[in-house]
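Taking the hints into account, I'd like the entire structure generated from these sequences.
Number of protein chains: 2
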Amino acid sequence: MPPKMNPAPDFAVWSRDVQARTEHALAALLPAAAIAPMRLHAAMRYAVLGGGKRVRPMLAFAAGEAVGAAPERVLTVACAVELIHVYSLTHDDLPSMDNDDLRRGKPTCHREYDEATALLVGDALQSLAFEALARPGLHPDAAVQLELLHLLARAAGSRGMAGGQAVDLDSTGKTLELAELEFMHIHKTGALIRAAVLLGALAGDRLDSEAREALERYAKAIGLAFQVMDDVLDAQASTATLGKTAGKDAAQGKATYLTLMSAREARDYARELTDTALAAIAPFGARASRLAELARFVVERSF
Amino acid sequence: MPPKMNPAPDFAVWSRDVQARTEHALAALLPAAAIAPMRLHAAMRYAVLGGGKRVRPMLAFAAGEAVGAAPERVLTVACAVELIHVYSLTHDDLPSMDNDDLRRGKPTCHREYDEATALLVGDALQSLAFEALARPGLHPDAAVQLELLHLLARAAGSRGMAGGQAVDLDSTGKTLELAELEFMHIHKTGALIRAAVLLGALAGDRLDSEAREALERYAKAIGLAFQVMDDVLDAQASTATLGKTAGKDAAQGKATYLTLMSAREARDYARELTDTALAAIAPFGARASRLAELARFVVERSF
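Chains G and P, in that order, are what the protein sequence lines are. Take the first sequence: its position 221, counted from the start at 1, is 221 in this note's numbering, and no numbers get skipped. Take the second sequence: its position 41, counted from the start at 1, is 41 in this note's numbering, and no numbers get skipped.
One or more hints might be untrue.
For chains that are exact copies, the list does not tell them apart, and a pair is met inside one copy or across any two.
As the list claims (entries may be wrong) - No more than 20 Å apart at the CA atoms, straight line, and that leaves these computed lysine to any residue pairs for SDA-like:
hint : residue 1 : residue 2
1    : K53       : R287
2    : K244      : D114
3    : K174      : R39
4    : K244      : E112
5    : K174      : G253
6    : K53       : Q19
7    : K106      : W14
I should point out that these hints are in silico values taken from the structure, not numbers from a laboratory.
Structure below.
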């Protein structure tokens, strides 16, 4: 058997590479801590850098690979999506929301700084995401670049992520049906996961409607699978492993998959969703191998 | 003397017209309160509609008139800038920031709803501003549309408005020099006023560098004049006239122009800044008459 030429690096190597590239690009994108207002800039860097699984950047890179998009461009859209994600975590951790002390293994932004600073950090990270994506010349086709911006803004707003958080607030202490729980998750985390996949792919050329629908089906399924596993891990893993407070959903009376099914059923459900995601991207063939690995990673992860 | 044909409406009529058009467009842009999540959408509408001087939309319209931009396009950029403004007011009023009870003559968003909702309202309004500005086909030149987005994102972020708010926080209880006070205002309110003027003008064609610099000089001067008069009015007007809590700057130990000069000196300074603004736009001639009227309005207003 001849030796395999240039074998693709395995998933662990690839994911560490995406994490390192994302970290480096985010560090360059964020204003230096020496630029006024210094405390705000230091706090923004604290919230964004040095942690996080970078699942959304991985999804953007994997989707970019599936369509052959230029990696430098994918890197910018990956950073924009991650900035929106970190802004939402920073606001979500505030006392008026989840009131959390720990995030990514360190004190939350408002614990390390103060509430007003954490509020402004989230606000400014949202602006920075759009500033990065609006950079002149990011995409050779300005109309596609506008579509990237429109998709991300819509995914972040009241009919996307922020709307999902509002539903989450309203439902605390209530018993939700499966359909209501999934409505919440499709917005709260699903919208940004879908944006990560679509933006990664749109960093390449325009997408035909078939490819786009396939990627949307994939993103919707793995978004839900991710959330199902988040609920399982929140209930079963330790705070040290998660890097955030474990068991807080139950403590806060939040609706989770585990209030509707057993942990075993939840894991089975996550696997079913993974199969749906894998079926959706089958037409892309080998180019979608990273998307496939990510779908499996979502259900097999322990953090 | 022959009768004047189609005289331009006077400033009061014009400004009421801009206010009405902005209100109408914002009402159409905001998701209906009947769309889920309903409580969030109702709160967004509560924060945005039915009040406000709409100074930034007026500036956008006046700048649009100075360069002959299409009014429908100016209306969209005016709404985007106003949405950023209202998001910043909503967050600024939160207990961890200014902790204010009254805004635009009614209870602040977190008093009428709750803190978590007000936080999400501000977040979602910021997203909506960028979503509106990224709408496909808003501007015939997609590259100019990207510039609109880039300008607004930069103006809103840590090197603009959010950064100015951080400086404001850090300086509470301290004595600032005039230069430090103006650094804060140039960011906190000036950045968005500049964006309103530039976006209104860029809603037309590309700007040559001379026109752009003139508009920037104008915007910088009236931005400061506006703030000087805000400090004078905060100290001298009543809560009923202002529609927000009067005297709160002094009560909170905030640095204001009146800690550096008398009210009379402050009014004189505001008039000087107005003269600077008027000189900057002189090359536009009669097309800039609304910009000139707005510069005068800023120092003559009583609310």
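The hints, checked one at a time:
no.	hint	in the structure
1	K53 to R287	neither (23 Å within a copy, 55 Å between copies)
2	K244 to D114	within (19 Å within a copy, 26 Å between copies)
3	K174 to R39	between (39 Å within a copy, 16 Å between copies)
4	K244 to E112	within (15 Å within a copy, 32 Å between copies)
5	K174 to G253	within (8 Å within a copy, 43 Å between copies)
6	K53 to Q19	within (8 Å within a copy, 46 Å between copies)
7	K106 to W14	neither (26 Å within a copy, 54 Å between copies)
In summary, the numbered hints that this structure violates are 1 and 7.
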